[in-house]
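Participant: So the chains spell out like this:
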Amino acid sequence: SQTIHQWPATLVQPVGSPLSLECTVEGTSNPNLYWYRQAAGRGLQLLFYSVGIGQISSEVPQNLSASRPQDRQFILSSKKLLLSDSGFYLCAWIRQDEQYFGPGTRLTVT
Amino acid sequence: ILNVEQSPQSLHVQEGDSTNFTCSFPSSNFYALHWYRWETAKSPEALFVMTLNGDEKKKGRISATLNTKEGYSYLYIKGSQPEDSATYLCAFRTNAGKSTFGDGTTLTVKP
Chain A
2 SQTIHQWPAT LVQPVGSPLS LECTVEGTSN PNLYWYRQAA GRGLQLLFYS VGIGQISSEV
62 PQNLSASRPQ DRQFILSSKK LLLSDSGFYL CAWIRQDEQY FGPGTRLTVT
Chain B
982 ILNVEQSPQS LHVQEGDSTN FTCSFPSSNF YALHWYRWET AKSPEALFVM TLNGDEKKKG
1042 RISATLNTKE GYSYLYIKGS QPEDSATYLC AFRTNAGKST FGDGTTLTVK P
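So the sequences go chain by chain: A and B. Numbered according to our numbering, the first sequence spans residues 2 to 111. Numbered according to our numbering, the second sequence spans residues 982 to 1092.
Derived from the structure by calculation, the hints contain no laboratory data. Each hint should be verified, as a subset may be incorrect.
Said to hold, decoys possible - Cβ-to-Cβ under 7 Å is the rule here; a few derived chain B residues that face chain A:
hint: 1; residue: T1003
hint: 2; residue: S1005
hint: 3; residue: V1030
hint: 4; residue: G1052
Stated by the list, open to error - Derived pair list, reagent style DSS-like, types lysine-lysine, alpha-carbon separation capped at 30 Å:
hint: 5; chain 1: A; residue 1: K81; chain 2: B; residue 2: K1079
hint: 6; chain 1: B; residue 1: K1079; chain 2: A; residue 2: K80
hint: 7; chain 1: A; residue 1: K80; chain 2: B; residue 2: K1023
hint: 8; chain 1: B; residue 1: K1079; chain 2: B; residue 2: K1023
hint: 9; chain 1: B; residue 1: K1040; chain 2: B; residue 2: K1091
hint: 10; chain 1: B; residue 1: K1050; chain 2: B; residue 2: K1091
hint: 11; chain 1: B; residue 1: K1091; chain 2: B; residue 2: K1039
hint: 12; chain 1: A; residue 1: K81; chain 2: B; residue 2: K1023
All residues carry an ideal CB built from backbone N, CA and C; glycine is no exception.
Chain B extracted, bound-state conformation (with noise of 0.2 Å):
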């Protein structure tokens, strides 16, 4: 069983507020770092997809970088807006084609 740890497990911030959270994973057969912004009962909605140790994308106010040697991505949020809340799922890929989520860290965003 493969370990993908999210942390924190919730976050409650202002609006305006820079946030971020973390992503561990195993360091061995790794093959790519996916982040989603998920509501529940919905499809995850893809945010990035990371490959190459020191990976760093940006999309808007949310970028993430990736750290393959140490096992960690950091998902980062600049100036939060209340519709940012949502959960956000990091998922590890392995090089035999397998997909394995952590449990997400929960933002709410209040204005």
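With the rest of the complex left out, here is chain A (with noise of 0.2 Å):
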């Protein structure tokens, strides 16, 4: 069976501060993966996505960044967190046609 993780599940930064968010996957190879970020009261919004290691698509210029450094693994980093930043971040791959999210973690930027 294929498994998404994610952590951590909660977050509280200062402003300024770094920020690693970290997903791995379980059970497949290659798979596309994807981050996503609910800010309040909006959907989710498409952060990264990545077909492969090494390979980066970002999609809302920002202060965060994304790597793949390897096959199952995709981190979401910054080096100074805004207060814009807080939000619900979810991680996703996607198996043939299915899309599959890990459980998500709370950021709040203080």
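Take each chain as given, in its own frame, and dock them per the hints.
Facilitator: If you want it as structure tokens, here you go:
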């Protein structure tokens, strides 16, 4: 079976601090991986997607970055968080026609 | 930027009513259209994935149709129940792997 992990589940960080959110996938190889964010009162915004190791497509210009150091690992980072980075972050992957989501990380920037 | 639009933004119906909402997407580079049921701050729950023009899918009281030539999909709920209350998201996936969501339609079913 396929499983997708995200951590941490919740995070409170001060403005200006760095960020690292990790997503790993089990039970598959070479998946398409995605980072989404739900900001308060809004839908899911695509931040980054990756079709392979080292291949990152950025959808929204901002102070976030993503990396894919291994086939089943996708990392979302920031050097300096902004208040507007607060939200619910979801990692997802696609296997064949199905898109699966991780449990999400609730980030609060104070 | 791909425009995936959902309408209406919100919908309030009485228990037992049938309802439907729309997802509009680009008609080029189409690979698949996904529908999800979503409660805020949780992972979306997959309802349907549709890939062929003219597809119709059904799961219980919920069904969906797809028109890739004109770029729209409809989601129907027959005999709405309070437990159907949620946000319904569609996601448009291109043949390059990009998957973009609409902002969703929030359905509230009153008992």
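Participant: Against this structure, judge whether each hint is valid.
Facilitator: Cross-check of the supplied hints:
For the restraint placing T1003/B at the interface with chain A, the shortest Cβ-Cβ distance is roughly 15 Å, beyond the 7 Å limit, so the hint is violated. Of the supplied interface hints, the one on S1005/B is violated, with its beta-carbon coming no nearer than about 14 Å to a beta-carbon of chain A, more than 7 Å. Interface hint at V1030/B: satisfied, since its Cβ lies 5 Å from the closest Cβ of chain A, which is below the 7 Å cut-off. Taking 7 Å as the C-beta contact cut-off toward chain A, the hint placing G1052/B at the interface is violated, the least distance being around 18 Å.
Annotation: proposed proximity of K81/A to K1079/B holds, straight-line Cα distance about 27 Å (limit 30 Å). In summary, the hint linking K1079/B to K80/A is supported, as the alpha carbons are separated by about 26 Å, within the 30 Å threshold. A C-alpha spacing of about 27 Å is found between K80/A and K1023/B, which places the hinted pair at or below 30 Å, so the restraint holds. At roughly 22 Å between alpha-carbon atoms, K1079/B and K1023/B fall within 30 Å of each other, so this suggested pair holds.
Under the criterion of a C-alpha separation no larger than 30 Å, the hint pairing K1040/B with K1091/B is consistent with the structure, at around 22 Å. Restraint check for K1050/B and K1091/B: not satisfied, since their Cα atoms lie roughly 36 Å apart, outside the 30 Å limit. This hinted pair checks out: K1091/B and K1039/B have alpha carbons roughly 23 Å apart, not beyond 30 Å. With a C-alpha separation of about 26 Å, the suggested pairing of K81/A with K1023/B holds against the 30 Å cut-off.
The structure fails to meet hints 1, 2, 4, 10 from the earlier list, while all remaining hints are met.
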